[in-house]
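Undergrad: Using the sequences and the hints, build the whole thing.
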Amino acid sequence: MATMIPYIIKRLLYFIPTLLLVAFLVFFLVHLIPGDPVVVMLGENASPENVVSIRKSMGLDRPLPVQFTLWVGNVLQGDFGTSIQTKRPVIQSIKERFPVTIILTTLALLFSLILSLPSGIFAAIYQNTKKDYLFMIGTLLGVSLPGFWLGLMALLVFSVHIGWFPSIGFVPMWEDFWEGLRYMILPASTLGLFMAAVVARMTRSSMLEVLRLEYVTHARAKGLSEWKVITKHALKNAFGPALTTIGLQYGRLLGGAVVTETVFSLPGLGKYIVVAIYARDYPVVQGCILFIALIYVVINLVVDLLYSYFDPRIEYQ
Amino acid sequence: MAWRRLFEHRLGMIGLVVILGNILLAILAPWIASDPLKVDVANREAFPSREFFFGTDEYGRDIFSRVIYGTRISLYISLLSVAVASIFGVAIGAVAGYYGGLTDNILMRFMDAIMSFPAILLAIGIMAVLGGHLFNVVIALGFVYIPRFARIIRGSVLSLKEKGFVEASLAMGNSDLIIIWRHILPNCTAPLIVQATVSLAYAILAEASLSFLGLGAPPPAPSWGNILSDARNFMLDAPWMTVFPGIAITLAVLGFNLFGDALRDVLDPRLK
Numbered sequence: 001m002a003t004m005i006p007y008i009i010k011r012l013l014y015f016i017p018t019l020l021l022v023a024f025l026v027f028f029l030v031h032l033i034p035g036d037p038v039v040v041m042l043g044e045n046a047s048p049e050n051v052v053s054i055r056k057s058m059g060l061d062r063p064l065p066v067q068f069t070l071w072v073g074n075v076l077q078g079d080f081g082t083s084i085q086t087k088r089p090v091i092q093s094i095k096e097r098f099p100v101t102i103i104l105t106t107l108a109l110l111f112s113l114i115l116s117l118p119s120g121i122f123a124a125i126y127q128n129t130k131k132d133y134l135f136m137i138g139t140l141l142g143v144s145l146p147g148f149w150l151g152l153m154a155l156l157v158f159s160v161h162i163g164w165f166p167s168i169g170f171v172p173m174w175e176d177f178w179e180g181l182r183y184m185i186l187p188a189s190t191l192g193l194f195m196a197a198v199v200a201r202m203t204r205s206s207m208l209e210v211l212r213l214e215y216v217t218h219a220r221a222k223g224l225s226e227w228k229v230i231t232k233h234a235l236k237n238a239f240g241p242a243l244t245t246i247g248l249q250y251g252r253l254l255g256g257a258v259v260t261e262t263v264f265s266l267p268g269l270g271k272y273i274v275v276a277i278y279a280r281d282y283p284v285v286q287g288c289i290l291f292i293a294l295i296y297v298v299i300n301l302v303v304d305l306l307y308s309y310f311d312p313r314i315e316y317q
Numbered sequence: 318m319a320w321r322r323l324f325e326h327r328l329g330m331i332g333l334v335v336i337l338g339n340i341l342l343a344i345l346a347p348w349i350a351s352d353p354l355k356v357d358v359a360n361r362e363a364f365p366s367r368e369f370f371f372g373t374d375e376y377g378r379d380i381f382s383r384v385i386y387g388t389r390i391s392l393y394i395s396l397l398s399v400a401v402a403s404i405f406g407v408a409i410g411a412v413a414g415y416y417g418g419l420t421d422n423i424l425m426r427f428m429d430a431i432m433s434f435p436a437i438l439l440a441i442g443i444m445a446v447l448g449g450h451l452f453n454v455v456i457a458l459g460f461v462y463i464p465r466f467a468r469i470i471r472g473s474v475l476s477l478k479e480k481g482f483v484e485a486s487l488a489m490g491n492s493d494l495i496i497i498w499r500h501i502l503p504n505c506t507a508p509l510i511v512q513a514t515v516s517l518a519y520a521i522l523a524e525a526s527l528s529f530l531g532l533g534a535p536p537p538a539p540s541w542g543n544i545l546s547d548a549r550n551f552m553l554d555a556p557w558m559t560v561f562p563g564i565a566i567t568l569a570v571l572g573f574n575l576f577g578d579a580l581r582d583v584l585d586p587r588l589k
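Protein sequences appear in the order of chains E and H.
Mapping of the first sequence onto the working numbering: position 217 corresponds to residue 217, and the numbering continues sequentially without gaps.
Add 317 to a position in the second sequence, counting from 1, and you land on the number used in the working numbering.
Read the hints as simulated data drawn from the structure, not as lab findings.
A hint or two may mislead.
Quick look at which bits of chain H chain E covers, simulated, 3 or more residues with Cβ under 8 Å [as the list claims (entries may be wrong)]:
1) 435-442
2) 486-496
Sample of chain H residues with no beta-carbon within 12 Å of chain E, all distances over it, derived [unchecked claim]:
3) Glu325
4) Asp352
5) Lys355
6) Ala408
7) Ser476
8) Pro503
Even for Gly, the Cβ is constructed at its ideal location relative to N, Cα and C.
TA: Structure representation (structure tokens):
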């Protein structure tokens, strides 16, 4: 563990330029707007005084490098901009809405792991049998079905016709756990299916690779039961690659949440972004996108570090 | 050799047939379908029938025709955006891998930054500022997919750079451009083709999501996402509006996934 500390510091330093570039990309978005961004945001009928004051408050009247420096400085102090529509700090709205997105994506993650890890291991054990082919067809469908369409179909079938689940709306799980869960089952499972298919494939192939190794043959030769061989020996080494895939796929969940929250009318960050886009409230769009990107970057950093912890063969250099 | 193995790959061939079928539908749309924008007030929200295979929407527009024309939009955007991503990605990856050092560092940090965003989220951000237009969707998706190509090409270039034929070409006094173009890139085609095919599947899904959110080709363009976004308001009365475009998306994506998997099996077994 102690040998890892220089590695961790190095990784963190290495991340600073990436983070700055991420901030720059988000910052630059507003400057891609064709025409005067302030006029676009306020509409053609905005009074000239209003235009001038918004331009000033967003700092758009200063030279670009100054704007960028100020903007990064603000973000470092937790100021993610101010909504033009509501005049509220964006970070305030993020704090209110992000819990919904976190719950949605975490449940989707759990759903996909529960589905993918056992089925991937199972398919590897039964490689090239009918069960394995069924598994492969299942994963193919999983990566080909559009999640938001599945969401719509699930609403149609399970909410409208069968009535098992409430259709749209949201009950916070921290207020009423079971009722809240009932509202999240369809969104989380339709969001998580794609990831389940990807992780399941990854688990299967890394499991297959490990099962071919000599130490597994050795464990079998010792007379260990197949169950013991797999759970005690193979699984640990097969988990590393799957872990990296999980980290990368979590970003897909965060992105997909934007669409899922729109389908199910969940009051999360994604829905907030879409509403802000329609209202041309660009500071909100910028603040939220930057926030999600930062979360994603941090998660992948943690996954990288965990990976090196799980797999001591990685050199800390 | 590789060709024969590809033709013997049953699932891959099914995928190829689906892809070719989609392309044919897109080309022959005017002969197969009627006008996708034609409003027919007498037949609003009509149930699927012999006259309207997939039913009609709230304006009486024929869903079948809209889905067939949707194939055009979907293929147009996915092919162009993957072309944009691969051209820039190959150029950036080749330069970064070949020259190494500071050039490599700067270019690849920039690629890392783009990959730090969930792809669809960055595309949403770009569409939010550029505005809904087919061409803008191509730019947005093309941009977010650049790093995938850059990374793969850079990796291949790094390993090829050390090979004897590259050194020989260098010794003959060939310029860097010629070495990259004639000797290095032709050896990168296998992973490039695999990545491009898989990216087409992603691009179709992403385009559908964008237009579902109202950030793709503006209505009344008959893109699959637009039809679904419309269908959401009529789920009780006209569920067929929801069902058919989704099947079309799934089939198109499935085709590219099946074919992409087959290509990977045949061209680059290591990637499996």
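Undergrad: Going back to the hint list, which numbers does this structure go against?
TA: Hint 2 is the one this structure does not satisfy, whereas the remaining hints hold.
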